[in-house]
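One-letter residues, chain by chain:
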Amino acid sequence: MPEPLLRVEDVVKRFGGIIAVNHMSMEVYENEILGLIGPNGAGKTTLFNCITGVYKPEEGRIIFQNEDITGLPPHVIIQKGIARTWQKVRPFKKLTVLEAVTVGALLRTPDVDEARETAKEILEFIGIEKSRWNRLGSEITLIEHKLVDLARALATRPKLILLDEVAAGLRPHEMDELAKVLLKVREEYKLTLIVVEHVMRFVMGLSERIVVMHEGKKIAEGRPEEVANNPRVVEAYLGTKPL
Amino acid sequence: MPGTLSKKLALTKERLYSLVGLAIVLALVPVFLGFNFYYVLLATNVMLAASLVAAWNIIGGYAGQLDLAASAYMALGAVITGHLLASFGLTPWIGMFIGAAVAVGVAVLVGYPTFRFGIKEVWYALLTSALVVIMMRIYYLIYGSFETYIPHMEPEWLYLTFRRYEVYYYMLATMLVIIIWVNLKIKDSKLGYYLAAIREDELAAEALGIDVRRYKLYALMIYAALAGLVGGIYITLTGILSFRLFDPWLGIVTAVMGIVGGLGSIGGAVLAAVILRSLEEYLRGAIGATYPGSHLLVYGLILILVGVLKPEGLASLLDYLKKKIIRR
Ligand SMILES: Nc1ncnc2c1ncn2[C@@H]1O[C@H](COP(=O)(O)OP(=O)(O)OP(=O)(O)O)[C@@H](O)[C@H]1O
Ligand SMILES: [Mg+2]
Chain A
262 MPEPLLRVED
272 VVKRFGGIIA
282 VNHMSMEVYE
292 NEILGLIGPN
302 GAGKTTLFNC
312 ITGVYKPEEG
322 RIIFQNEDIT
332 GLPPHVIIQK
342 GIARTWQKVR
352 PFKKLTVLEA
362 VTVGALLRTP
372 DVDEARETAK
382 EILEFIGIEK
392 SRWNRLGSEI
402 TLIEHKLVDL
412 ARALATRPKL
422 ILLDEVAAGL
432 RPHEMDELAK
442 VLLKVREEYK
452 LTLIVVEHVM
462 RFVMGLSERI
472 VVMHEGKKIA
482 EGRPEEVANN
492 PRVVEAYLGT
502 KPL
Chain B
129 MPGTLSKKLA
139 LTKERLYSLV
149 GLAIVLALVP
159 VFLGFNFYYV
169 LLATNVMLAA
179 SLVAAWNIIG
189 GYAGQLDLAA
199 SAYMALGAVI
209 TGHLLASFGL
219 TPWIGMFIGA
229 AVAVGVAVLV
239 GYPTFRFGIK
249 EVWYALLTSA
259 LVVIMMRIYY
269 LIYGSFETYI
279 PHMEPEWLYL
289 TFRRYEVYYY
299 MLATMLVIII
309 WVNLKIKDSK
319 LGYYLAAIRE
329 DELAAEALGI
339 DVRRYKLYAL
349 MIYAALAGLV
359 GGIYITLTGI
369 LSFRLFDPWL
379 GIVTAVMGIV
389 GGLGSIGGAV
399 LAAVILRSLE
409 EYLRGAIGAT
419 YPGSHLLVYG
429 LILILVGVLK
439 PEGLASLLDY
449 LKKKIIRR
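Listed in order, the protein sequences are those of chains A and B. Residue 391 in the numbering used here is what sits at position 130 of the first sequence, and the numbering runs on without skipping anything. Residue 182 in the numbering used here is what sits at position 54 of the second sequence, and the numbering runs on without skipping anything.
The shape of chain B in the complex, shown without the other chains (with noise of 0.2 Å):
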């Protein structure tokens, strides 16, 4: 049938608008810093954040799983992209699917048991934490604490080592454009549905027919793909190999983003992404020096002030600021 893989591929006019607006504004962001060297970096680090808390947004968000893995999903796509440029000069273009491919592969792994003997919230929260120390202590068992630095390769587009962060910055959000197409595509889906379902009430989603412990599993391979290829592409921006990647920190903070921006609501998961990694950046440069460690204490303040004031997150914010426009 002619039609039904582009009506696959299209999204609601409001949607494909509030995409191609935010696409626009991406594109023109390092031209607003005036392709400051320092200012690039950072608002690569921003879109970096925010691609993952989009990825997660799939498990955390519409499926209600509190993972805390994003980092060891990303650092597996980082390290084997990585690793195959470094030792064996495969271009990160093939590299990252194939570290998305081996994230899929821990994912199935690890969720299909936790799926199947129904261990859930705060259980799976730890069990995830759990994993990325794991993997830590797993890569470094073969790695030491030796790190390993990707060479400057030509040519620079085919092993993506350019000296200039702008490609970075626009490879990643590009990447967040992408991730963020696929959260609307899974919402509008009987996949989102389900993951809906699940989320709301486990037992009354599998009387309605759904294979609770299969469509988890979906959720949480489509979450490590993305978070896969994030790391495919953040590892050559920084080229350094390390067991450093496996952040258990880092998991912990993709989910807090996540929480803040509204569970299940994209547009709010990225804007906490922006606003608390831009914050994040903006005092460790401002009073870090002075107050070492204070923008922890930041996340911990504001997540406490949401979880007063507007426990629906930012989402509930961004669905006032809608209404109000189009009552306009």
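In isolation and in its complexed conformation, chain A is listed as follows (with noise of 0.2 Å):
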């Protein structure tokens, strides 16, 4: 086995009383999409949040290229190469398309003009209309603004990337117009994916593995076709959403 990109090791996360993530580890491998998957409040969003740095985990370490990155501030994560989006779109009201992207593109370069090249190439390899580039962040939809949220992404041009819930709220031509620009931009921008997701066809159809998280543990982990009949998996389900 290689070593992996990204190492979660025993990590765990309290909320006062709530434990969110309970002694949670995985690895993620190079070039990969990891599939986490798991019912409402298993903690997968907490577990992004520890591993960007929003939150500082209580216990275990993550392990990015072989360096200890826990407790870091988010903005040197980024640095580091690891980029995430948002479950509930956190937009620049009052900054442009093409703006917020270039705030993304401005962690590599100092220079503004070129940080507006790479943002037009990025929004134009994720296919957003150029007649959009100049709404702001106040004016577009639901399916833009998660583009945007990916591109300003991009734009910090990672190595390994978070989406949390990107297909949520999507129609399905939608979802699947998604699916193939994220394999698309995997191809480009040799990039690591974990997908974080509800929507069932999706992230099993995009995912080449999957975790399966349930009450802040890893209760699962395989290929798609065999989580999807682990009975664990199942009756950690039962209840909330069918598989």
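Any given hint could be a false lead.
As the list claims (entries may be wrong) - Listed next, the in silico PhoX-like pairs over lysine-lysine satisfying Cα-Cα at most 25 Å (straight line):
1. A/445 - A/420
2. B/318 - B/452
3. A/354 - B/313
4. B/248 - B/452
5. A/354 - B/248
6. B/248 - A/355
7. A/341 - B/318
8. B/248 - B/451
9. A/478 - A/349
10. A/391 - B/315
11. B/318 - A/445
12. B/318 - A/391
13. A/420 - A/355
14. A/420 - A/479
15. A/381 - B/248
16. B/313 - A/349
By construction, these hints were calculated from the structure, which means they are not laboratory data. As the structure is a prediction and not an experimental result, all values here were calculated from the model.
Combine the two chains into a complex, taking the hints into account.
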């Protein structure tokens, strides 16, 4: 087995009495698409927040490219090459689409014109129409928000990108489009992806490997079809969302 | 690389023309006022307010921090320039830069822990408002209610002790143009993009690699430096050093003007300052004697009106006019 790109080791994160992430461990390998699933409140978003430095885990370590990055602040983590999108969109309402993506690109250059060019390339690549580039963040649709969120994360030139429910709220044909874009993005930018998603058709189709979380722990791991037939997984999902 | 510096100093054509246009208008104002002593003084006061609001726009408009301490940084620049002149005969040309440096020092002392502990929004407003009062008390502890007067010194151009207001008017008008230019440069730079992202969503900004605390501090330092310089010029105009320079109300009014102007729009901010400050003087003159304090009421009313009718401030009005003109 090769060295994993990212290793989550025994991470614990509590909120008062709630243990959101409870001794969670997993590995992510270079260039793969890993699906991270689990019922509501399983701790997926909290785990993302621990990896990206939004929260500092109480226990455990996070190793990225053989470097311990546990507890580093978000602006340092992204410099190392881990970007993320948000489950609940966090738009820059008074910036245009192009400006928002330029903000991301400015991480790798102090030159605004150069960053703007990078932003344009990425917008073009993920398929946001030119006519929408000068729209303000307050004027665009949900799918555009998701794509802009993705674009500004990509503009930071990450090695690993964490997608938190990018497909939520999209119509089936929009999801197919998005899946294609993600595959294309992975090829072009040599990316590794962790995809958190409730829409099973989307995540099962896209991911090469699946990790299942429940009550803050990993309860299963494997290829999509293995996981789908795992009795523990079925049990975890019973009474919540059907597989 | 030749050309990089000139590129850094350059503005886009449209902005350069607006700025030059503004400079010409400002240069002609005293002529239109017939060099009337009183009117030129009023115009000087308007320039003062506009400069301060333009400086505030960097922290308040671009970085989105509701800072109410503009008068603290201005007064610091003023008292330091003034005392260096009155006590040591140091020319304000140097004194105002020392004053600005001290204002920056205080801004770092206050800003570092403030941003470190994530103090934001209304708490930031309260803290900065308190800063003005604290600075006033400190000055009071040292000098009491004693007022220091700057004597007339020759040569006038060295000590800035002119007998005519036109000179002060032109100095502040120049300062205003410089501060607007700084604003425009920031807006188009990496710093400008980063401040806008911070204003819109701090966490999203930080996740895109922005060291939020550091960039907020940069904005605060630039603002404090500019406000300090304005103060340094202002004191040569009034020539009276007193604890009253640390005026909490002025800090609030500055922020109000910036907000009425439309957050983040330098054009709107300056326009708001010019209109509100002129109106205030007019009202003070027209009905102030009969109804003292009525100009304060007008501030409140205008703020409510803008809040209800044009939440985007005067900037949206400017945008609208610009679009109309371009379409023609
Ligand atoms: N900031 C917070 N403060 C307190 N509790 C929190 C916080 N964030 C998450 N939690 C709790 O931690 C647990 C895990 O939440 P998390 O959002 O990580 O789940 P999730 O797997 O992302 O769920 P979903 O699929 O609904 O997005 C939940 O019980 C949640 O209520
Ligand atoms: Mg979640």
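Hints versus structure:
At roughly 15 Å between alpha-carbon atoms, residue 445 of chain A and residue 420 of chain A fall within 25 Å of each other, so this suggested pair holds. The hinted pair formed by residue 318 of chain B and residue 452 of chain B fails the criterion: a straight-line CA distance of about 30 Å is larger than 25 Å. At roughly 22 Å between alpha-carbon atoms, residue 354 of chain A and residue 313 of chain B fall within 25 Å of each other, so this suggested pair holds. For the hint pairing residue 248 of chain B with residue 452 of chain B, the CA-to-CA distance comes to about 38 Å; that exceeds 25 Å, so the pair is violated.
Between residue 354 of chain A and residue 248 of chain B, the direct Cα distance comes to roughly 19 Å. Compliance with the 25 Å bound is thereby established for this hinted pair. Using a Cα cut-off of 25 Å, the hinted pair residue 248 of chain B and residue 355 of chain A holds, with the two alpha carbons roughly 19 Å apart. For the given pair, residue 341 of chain A sits about 20 Å from residue 318 of chain B by alpha-carbon distance, which is consistent with the 25 Å threshold. With a C-alpha separation of about 35 Å, the suggested pair residue 248 of chain B and residue 451 of chain B falls outside the 25 Å cut-off, and the hint is violated.
For the given pair, residue 478 of chain A sits about 23 Å from residue 349 of chain A by alpha-carbon distance, which is consistent with the 25 Å threshold. At roughly 23 Å between alpha-carbon atoms, residue 391 of chain A and residue 315 of chain B fall within 25 Å of each other, so this suggested pair holds. For the hint pairing residue 318 of chain B with residue 445 of chain A, the CA-to-CA distance comes to about 29 Å; that exceeds 25 Å, so the pair is violated. Restraint check: the Cα-Cα separation between residue 318 of chain B and residue 391 of chain A comes to about 23 Å, which is no more than 25 Å; the hinted pair holds.
For the given pair, residue 420 of chain A sits about 29 Å from residue 355 of chain A by alpha-carbon distance, which is inconsistent with the 25 Å threshold. Restraint check for residue 420 of chain A and residue 479 of chain A: satisfied, since their Cα atoms lie roughly 24 Å apart, inside the 25 Å limit. Taken as a hint, the residue 381 of chain A and residue 248 of chain B pair is broken in the structure, with Cα atoms around 33 Å apart against an allowance of 25 Å. Distance check on the hinted pair: residue 313 of chain B and residue 349 of chain A sit about 33 Å apart at the alpha-carbon level, beyond 25 Å; violated.
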